[in-house]
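**Q** Mind docking chain B on chain A? Use the hints.
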Amino acid sequence: KAGVTQTPRYLIKTRGQQVTLSCSPISGHRSVSWYQQTPGQGLQFLFEYFSETQRNKGNFPGRFSGRQFSNSRSEMNVSTLELGDSALYLCASSLAGQVGYNEQFFGPGTRLTVL
Amino acid sequence: GNSVTQMEGPVTLSEEAFLTINCTYTATGYPSLFWYVQYPGEGLQLLLKATKADDKGSNKGFEATYRKETTSFHLEKGSVQVSDSAVYFCALSGPGNQFYFGTGTSLTVIP
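Going line by line, the protein sequences match chains A and B.
For the first sequence, this note's numbering begins at 18 and goes up steadily by one.
For the second sequence, this note's numbering begins at 739 and goes up steadily by one.
Chain A on its own, in the form it takes in the complex:
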C-alpha cells in the first residue's frame, strides 16, 4: 500500500505571497491532519479533516486554511505569508474512529521557506 504523499517537497516563497500544499492519504484513510513543525515550537496541530469536514482545529490564525476532497486528498493554504511561517508542514492520515486503529501515518513533509 502506498504511504502518505505530500507535494511539493520544497517551496520557497516571499512574504505576502500565498501557498497551497497537497496531501494524498493512504488508500482507505478518511482522516487527514496537518501539523507545523519548527525548531522553536515543535510539532503544532493545525487542523484535521474527516469526510470533507473540518473536525478539529488548532490555534492558528485564519491565514491557515484547508480542505478535503471526496477522494480524501487534502490541501492546506497559507495566505499572506510571514517569515515565521517557514517550517516543515506534515500531513498525517488515519483510519480514525476505530479503537486500536487510529494511529496516524505521516508523509515526508513539505519544507516551506519564506524569504
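Okay, the calculated beta carbon distance ranges per label pair: (1) 844(B) with 75(A): 21 to 27 angstroms; (2) 90(A) with 740(B): 25 to 31 angstroms; (3) 100(A) with 820(B): 31 to 37 angstroms.
Computed from the model, here is a short list of chain A residues facing chain B with C-beta under 7 angstroms: (4) 48; (5) 59; (6) 60; (7) 73; (8) 107; (9) 113; (10) 119; (11) 120; (12) 121; (13) 123; (14) 124; (15) 125; (16) 126.
Here are some of the chain B residues that sit facing chain A, going by a computed Cβ distance under 7 angstroms: (17) 831; (18) 835; (19) 836; (20) 837; (21) 839; (22) 841; (23) 842.
Derived by calculation from the structure, the hints in this document are not laboratory data.
Note that CB positions come from ideal geometry on N, CA and C, so glycine has one too.
**A** Showing chain B alone in chain A's frame:
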C-alpha cells in the same frame, strides 16, 4: 485538557547503552498512547503503540508500557545502536481522534 510531557533532550549515549525516555500524560477518558520516531529530513514514523492500561507496545527492540496509575508511557531499549539516532515523540490520541504530541527528545548514539 489533554497534554503530553516528555523529558528534555538532547540525550547522548554510547552504543549498547540502555535507553529510557520519560513520557507522562494528562488526559480525559482513556486515550491511546504512541511513540513516533523522526529521522533527519523525514516525517514521523510510528514506532509503537498501546491502546489500554497495562498494554505493552514493542517494536525493533523498543518497549513502552501504558501505566494508568502513574499516567506514564516511558520508552526503553536495552541496547541502542548508532542507527537509533533520531528524535522521539510521545503522543496521545484523545476524543475525536485529535493527537497531542510531546516536544520531542533528540537521541544521539555514538560508536
